Amino acid sequence: MSELRWHPLLEEWVTVAPWRQDRTYHPPASHCPLCPTRPGMMLTEIPEPDYYIAVFENRYPSYTGEQGRCEVVCYTPDHDSSLGEQSVEHIQDLITVWRDRTAELSRLPNVRYVYIFENRGEAIGVTLSHPHGQIYAYPFLPPVLERELAAEARHMRKTGRCLYCEVIEGESSGVRTVTRNEHWIAFVPPFARWPYEVHIAPVRHRGGLLDLDGDDEQSLAKIMKTMLQKYDRLFDMPLPYVMAMHQRPPGRGGRHHHFHIEFYPPNRSKDKLKYLAGSELGAGAFILDARAEDTAAELRGR
Amino acid sequence: MQRPLPDPPRVAGREKNKKRKLDKRVEPKPDGRYLIYYKPA
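Protein sequences, first through last, are from chains A and B.
Residues in the first sequence are numbered consecutively from 3, following the working numbering.
Residues in the second sequence are numbered consecutively from 144, following the working numbering.
Chain A with its partners taken away, still in its complex shape (with noise of 0.2 Å):
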């Protein structure tokens, strides 16, 4: 079990799992644990010869057993692939085990949150180069979640609406989006502290994955592929990200949480990353060389 320890300066949880340490550093394409187990090949997390899409217990876990549960989720089995280049049919079926996987997950004691998540690419400090994403069900609300749940009961409380809907709203003149559909709009938020940071968010609100219905779904695997290919476009190469979905907590506790899926690109240009350093993690303050209005237009023309 991992030690959950409190950092009284910055009132949040700090989790300590070493054994993660030992865990697989970019194997060769042909030791990859998340293909499937060919035949006469080494025997890999997957036994089968082949899957549609699969899910595991992280071998490697920073939460487990009654703290909760870290599981990753393997797109597709062909490992050179990426998930902007799945089918439309295929992502909406991966947004299915999302929505499998929170409900699953959010019924367990001691979960307080499920958080959907990838990381692509080296620069991102990717381990395994294999499509995928994972799942943390923490036993503890996480702390960007947890400011963001305040601000929106804050708003909610004053002006009795929902202040991401708002924030919807002021993009009515179309200037920071990047593509938009019957259901969802991506855009490059005003306050956006990565310069191709993209949100992709229902018009109407929703608070998860549970509470969309099957228009909202095939519409949300359609503009995920579009985005995900204008950000392959952008430089002509798979373009790293995190990719974090922002969806209401189990329980009654966010009911004002309009659910929306956050993309940090680390790249400032096509061989520039932007790092996170003195002002952004000494101080917390990011400091951003782009305005959102030019990189959506940038965006929007891929």
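Hints in this document: simulated from the structure, not taken from any laboratory.
It is possible that part of the hints are untrue.
[As the list claims (entries may be wrong)] List of simulated lysine to any residue pairs, SDA-like, C-alpha gap at most 25 Å: (1) B:Lys164 with A:Val177; (2) B:Lys182 with A:Asp80; (3) B:Lys167 with A:His207; (4) B:Lys164 with A:Arg101; (5) A:Lys224 with B:Lys172; (6) B:Lys162 with A:Ser89; (7) B:Lys167 with A:Tyr54; (8) A:Lys227 with B:Lys172; (9) A:Lys224 with A:Asp102; (10) B:Lys172 with A:His207; (11) B:Lys164 with A:Ala299; (12) B:Lys159 with A:His92; (13) B:Lys162 with A:Arg101; (14) B:Lys164 with A:Ser32; (15) B:Lys164 with A:Ser89; (16) A:Lys227 with B:Glu170; (17) B:Lys172 with A:Met245; (18) B:Lys167 with A:Ser89; (19) B:Lys164 with A:Lys274; (20) B:Lys167 with A:Ala125; (21) B:Lys182 with A:Met245; (22) B:Lys167 with A:Pro51; (23) B:Lys164 with A:Asp52; (24) B:Lys167 with A:Arg257; (25) B:Lys182 with A:Lys274; (26) B:Lys162 with A:His207; (27) A:Lys227 with A:Gly255; (28) B:Lys167 with A:Asp213; (29) B:Lys182 with A:Asp52; (30) A:Lys274 with A:Ala299; (31) B:Lys164 with A:Gly86; (32) B:Lys172 with A:Gln136; (33) B:Lys162 with A:Lys274; (34) B:Lys162 with A:Ala299.
Please read these numbers as outputs of a predicted model, since none were measured by experiment.
Using the hints, position chain B against chain A.
Just chain B now, kept in the frame of chain A:
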């Protein structure tokens, strides 16, 4: 006296997309962890 406007034409309700269904198979791993296979139903 003006003639009353006709009723607007009836628009058939658009068929809502249904959620996609997946078959789900859970298998225990030898070390006690679980593995779940999903595929289109």
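Taken at face value, is the distance from the CA of A:His207 to the CA of B:Lys167 at most 25 Å?
-> violated (30 Å)
Straight-line alpha-carbon gap A:Lys227 to B:Lys172, limit 25 Å = Between A:Lys227 and B:Lys172 the Cα gap is close to 33 Å, so the pair fails against 25 Å, i.e. violated.
Holds or violated: are the alpha carbons of B:Lys164 and A:Ser89 at most 25 Å from each other?
-> holds (16 Å)
Hinted pair B:Lys162 and A:Ser89, Cα distance within 25 Å | Judged against 25 Å, a Cα distance of about 16 Å means the pair holds.
Given hint A:Met245 paired with B:Lys182 - CA-CA distance at most 25 Å | holds (24 Å)
Keeping to a limit of 25 Å between CA atoms, is the pair of A:Lys224 and A:Asp102 held or broken?
-> Between A:Lys224 and A:Asp102 the Cα gap is close to 20 Å, so the pair holds against 25 Å.
Do the alpha carbons of B:Lys162 and A:His207 lie within 25 Å of each other, as the hint requires?
-> Given pair B:Lys162, A:His207 holds - Cα atoms ~19 Å apart, limit 25 Å.
Taking only the CA atoms, is the gap from B:Lys164 to A:Ala299 under or equal to 25 Å?
-> violated (37 Å)
Given the hint that B:Lys164 pairs with A:Arg101, test it: the Cα-Cα distance must not exceed 25 Å.
-> Holds, at roughly 11 Å.
Pair hint outcome, B:Lys182 versus A:Lys274 [Cα-Cα no greater than 25 Å] | violated (40 Å)
Does A:Gly86 lie within 25 Å of B:Lys164 when you go C-alpha to C-alpha?
-> Since the Cα atoms of B:Lys164 and A:Gly86 sit roughly 21 Å apart, the hinted pair holds (cutoff 25 Å).
Mind checking the alpha carbons of B:Lys172 and A:Met245 for me, to see if they're no more than 25 Å apart?
-> violated (28 Å)
The structure fails to meet hints 1, 3, 5, 8, 10, 11, 14, 16, 17, 19, 20, 24, 25, 27, 33, 34 from the earlier list, while all remaining hints are met.
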